[in-house]
Amino acid sequence: MPVFSYLAFPHPGCRERLCDALALLPHCAILPATDHDLLVVVTDTPDDNAEAALQRGLKALPELQSLSLVFGSDEPQERT
Amino acid sequence: MKLDRRQFLVRAATGSAISAATALFPGISFGEWPKIAENSSVVSWHKAPCRFCGTGCGVLVGTVGGRAVAVKGDPNSSVNKGLCCMKGYHSVQALYGADRLTKAKVRKDGQLVEVPMAEALDLVASKLRETREKYGKDAVAIYGSGQWTIPDGYVASKLFKGCLGTNNVEANARLCMSSAVTGFMTSFGIDEPMGCYEDIEHADVFVTWGNNMAEMHPVLFSRMLASRRRRAGVKVIDFATRRTRTSQAADRSILFRPQTDLAVANAICHEIVANGWVNEAFVGEHVSFHRGKTGIGYGTEDHFAFTDEEQGITFDDYRRFLADYTPEKVEKISGVSAKDIKYLAALYGDPALKVVSFWCMGMNQHTRGTWIQNLVYNIHLLTGKISQAGNGPFSLTGQPSACGTVREVGTLTHALPHGTVGNEHDRQMAAEIWGVPVANIDPRPTYHTVEMFRALDRGDIKFLWIQVTNPMVTLPNLRRYRSGALKEDRFVVVSDVYPTPTTDIADVILPSALWVEKEGLFGNSERRTQHWQRVVEPPGEAMCDTWQLIEVARRLGFAERFPWSREEAIEKIWEEYRRFHAGPKHEMAPYETLRARSGVQWPFVEGKETRWRFNAAHDPACSNGKAFHFYGQRDGRAWIWARPYEPAAESPDRDYPFWLNTGRVIEHWHTGSLTRRVPVLHNAVPASYVELNPEDAAALGVVNGEKVRLVSRRGELVLPAQINGRGLPPRGMVFVPFFDESLLVNEVTLDAFCPISKQPDYKKCAVRVEKA
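As given, the protein sequences belong to chains A and B, one line each in that order. Taking the working numbering, the leading residue of the first sequence gets 10, the next gets one more, and so forth. Taking the working numbering, the leading residue of the second sequence gets 5, the next gets one more, and so forth.
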C-alpha cells in the first residue's frame, strides 16, 4: 500500500492534456499549479500489482516530460 | 477533523510535494489545495475578497484549527493577480483584537451591561415597534455601510422599505461616493463605471484627479506603474491639491487650488474645442448637450432642498459657455499655468493616445461633486475616449461593497434594488419580489445621511440602528450630531465588532461577525461581484448583520418575508435579489458561479462577463446598431453638461486663513477601528497628525512633532505637526488623516454638501493654525 508524491512537468503546451490523462489513471490524484506548468501527483495504491500498473501508465504518458519523486511511504505491516 | 494514518500519509505526501514546488518556484500557487487539505494540522486556503478598500482584491485566507492565520493574494483574481497591499496581507489579524465585542450590551441606568443576544434582539424589536407606533413609520431608521455585505443591505432594505414602510435607509457610502452615482446618472442615466481594471494595461496616459492612488488604491497603482515599466511612453499625471506619494511616482505633478478643478476641466474642454480635437463623428452620433441650474447652494441649513432642472442646449451654446474658460483666465483662478492646462488638453486631445482618468474622494467629496464628474466625462466624450480598452473615465470607490451593496442594492433613501422609490414600476417590481403590498413602499424619499442625523438631532427620528460603520468619527461637523444622538428619548442600536465612539453613544450594542466569520458577497469598483464562504466561527455570541436583521424582522411579525434557514439564507437572498437585475443591462451571475469563481463582472449574460459597457462589441445591452449605445439616457446618448466653476462653501479668509483637507493613509482603513487592532499597522502610524507646508511651519515657529492647534468655526483640535512627511501641502493648506478616534478632525470640518448628491465635502473648509 505505497503512497508516493511527485512533481510532474508537462511538455510545452501539453499541460491540459496531461491533467486530463493523469485524471484518468486509477489511484492517482493531481494538483495543478495555477500559475506554472507544474503538477503535484499523489498516488495511493492498494497493493503492489496496482502500483506496478500505475507506474506503467505513468511512463506511457506522451505529455509527460519528467516526473520527480518527492515523498514515498511503503509500510510492510499494512500489507494484507 | 481527525485523520487516519492513511489520510495523514497522503496529506504529508501532498504537502511535501508542494513544499518542493515552492522551493523551485517561490510564490507558486495551488488553488485546489484547500479541497485536499481540510484538516487541523495543515493550512487550508479559502478565497475571499479583501475586507478593506473598494479595489476588491481577491485573497486566499489560510486557516488552521478553526482560526484564520494567514493571507495571500489570490492568483485567480484578475483584480490583483496574487498581489496584496499591506492592509490586505495583515487583514486576518483584525479578527482577533483583544477587545473584540463578543456579547450584546444594553444600557441600564446609564451603564452598558452584558445581556444574552436574544434579550438584546428582543429589546431592539420592541423599541422599534414602540417607536413606530408612537411616532410614526418615519421615526425609525437604519444607517448602514459600503462595508455591509450585499445580503446585509438587501435584508435591511426589504425590512425597512418593504415591511416597515419607511425610506429611512441610508449608508455611509453617501459620504464617499454618492457624487459618483449622480455623476453617472446625469451623464449616462445609469450607474457605475463603463470600463474595467484591464484598462490599466492598455492606456498610454493616466490622469489621477485629486486621487492619491499610491496610498488609497495601492494595488491598482502598482498595476499602473507595472504597465508604465513594461511599455514605452506610458505617462502618469498627478493632478491634485497637495503632493503625495502618487505625485512622487508620477511623470508630472500639477497642483490646483481647491475647488478649481471645475474651471480646469472646462479649460481642457475649451482647448479641445478650440484646437479642433473634438471627435466629431463620435459626438455627432452619441452625445447631446445640456445645462442645469447654477448658484445651487451648499446645504448647510436644515431641510435644505434642491432639484436640478435640465435644459437641452446646442453644441454652439456649449462652445459659448466654454469661452469663459480660456487657459489664461483659468490660470488666475486655479493656479495651474496656462501651459499645463494646454499640456493636459493636448494629452486628452491627441487621437493616438489612450487616456484613463482615475478619481475617488477628491472629486466625490466636493460641494460640486456631481458637476466635476460631469466635466471629466465631458472631456472623454468630446474626444470619444470612453468605453474602449485603455480609454475611459474611471470612478474608483473607497469601500469593499459601496458599489455592490449601496449602489446596486440601493440602500439609500431614494433607491430600490432596481430603480427608485419615486418610480411606480420600480415600486411594483419591489413589492412583487418582496411579497409585500405595493402601498407599503413610500414613493417619497426621506433623509439623506447628513439630514438623517439632523433629523435625529431634531427628534424627527427617535430610533436609529447603525450597522458596520462609525458615524461618530466620520460625520462632518461632528459635535452637532453626537449631541443630537445623545438627547433623551433617542434610542440608538449599534452593530459592530469593536468598541468605537459610535458604540459609546449606543443604547444597545450587538456584536457582529466580521468578514470570513460569515458567508457574504461584495461588489467592487469594476462591477465585479465576489462571494466568500464562512471559514471560521465568530467569537462568543457575535452574529452576522444579515441574521441580526432577520431575527428582528421575525420578532416584528415578518417571518414569512424572511423564511430562510441560517444555512441557506445567503444563497436564497442572492437568488431573490438578482431577480431585480434580470436583463442584459445588469444581469448578475448565479450563486453557484459566484461560489466557484474569484469574482464575476456584471452584466453577466449567457455565461459571459461584460468588460466595456456601452460598446457594442462587448455589451449585449447595446441595441441601436451602432458602435456605441448609451442606453441609460432617454435619447440613447451620453450627456455633456455645461457646469460652471463655483467657489467652495467656505474658503480661507483673514480669520481662518488655511484650507483644511482630510483623508486617509495607506496603513489605516477609514476610522481605524480594524487596522488599529493590527499591531503592525497601528505601530506604523499610531496617531494622527497635521501636515504643514515647511514655509508655513517656519512662519508659525513650529518644528516637526510640535503640537499645533487647528481652529475652525465649528471646533478645534490639537495634534502634532508633520513637516516634509509623506504628504506636502502647498502654502496655506493643512492636511489631517481621519483614522484616529482620539483626534477627531471631523469636529473641525464643515457639513456642506453637493446639493445634487448630498455628499459632504471633507476636503475643503477654512481653519486657523496656531502653535499649541
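What the hints contain is simulated information worked out from the structure, not anything from laboratory work. Note that the structure is a prediction, hence the values are computed from the model and not measured. Wrong hints could be hidden among the right ones.
Distance condition first, Cα-Cα at most 16 Å in a straight line; then the derived EDC-like pairs of lysine to aspartate or glutamate [unchecked claim]:
| hint | chain 1 | residue 1 | chain 2 | residue 2 |
| --- | --- | --- | --- | --- |
| 1 | B | Lys589 | B | Glu613 |
| 2 | B | Lys76 | A | Asp46 |
| 3 | B | Lys112 | B | Asp511 |
| 4 | B | Lys297 | B | Glu650 |
| 5 | B | Lys85 | A | Asp44 |
| 6 | B | Lys112 | B | Glu492 |
Negatives, chain A to chain B, calculated, CB over 12 Å [unchecked claim]:
| hint | residue |
| --- | --- |
| 7 | Ser14 |
| 8 | Glu25 |
| 9 | Arg26 |
| 10 | Ala61 |
| 11 | Gln64 |
| 12 | Glu72 |
| 13 | Gly81 |
Note that CB positions come from ideal geometry on N, CA and C, so glycine has one too.
| message | Over 12 Å from every CB of chain B: does A/Ser14 meet that, or does the non-interface label fail? | response | 4 Å, violated
| field | Exclusion check [A/Glu72 not at the chain B interface, CB over 12 Å] | value | 18 Å, holds
| task | Would you check whether the claim that A/Gly81 is not at the interface survives, using Cβ distances to chain B and the 12 Å cut-off? | result | Given that some Cβ of chain B is not farther than 12 Å from that of A/Gly81, nearest at about 8 Å, it is violated.
| Verdict on A/Ala61 as a residue remote from chain B, using beta-carbon distances over 12 Å | The claim holds: A/Ala61 sits with its nearest Cβ about 19 Å from chain B, beyond 12 Å.
| said: Against the 16 Å threshold, does the CA-CA distance of B/Lys85 and A/Asp44 hold or violate the hint? | reply: 10 Å, holds
| request: Classify the label on A/Arg26 as holds or violated, using whether its beta-carbon is more than 12 Å from each beta-carbon of chain B. | output: 18 Å, holds
| query | For A/Glu25, which was marked as not at the interface, is the minimum beta-carbon distance to chain B over 12 Å? | reply | Consistent with the label, A/Glu25 stays out of reach of chain B, its closest Cβ about 15 Å off (over 12 Å).
| task | Sort out whether B/Glu613 lies within 16 Å of B/Lys589, counting only the CA atoms. | result | The hint holds at about 12 Å.
| field | chain B versus A/Gln64 - minimum CB to CB distance exceeding 12 Å, so not interface | value | 16 Å, holds
| Given the hint that B/Lys112 pairs with B/Glu492, does the C-alpha gap stay at or below 16 Å? | 14 Å, holds
| said: Holds or violated: B/Lys76 and A/Asp46, Cα atoms, limit 16 Å. | reply: 21 Å, violated
| query | Are the Cα positions of B/Lys112 and B/Asp511 separated by 16 Å at most? | reply | The hint holds at about 8 Å.
When held up to the earlier numbered hints, the structure conflicts with 2, 7 and 13 and fits the remainder.
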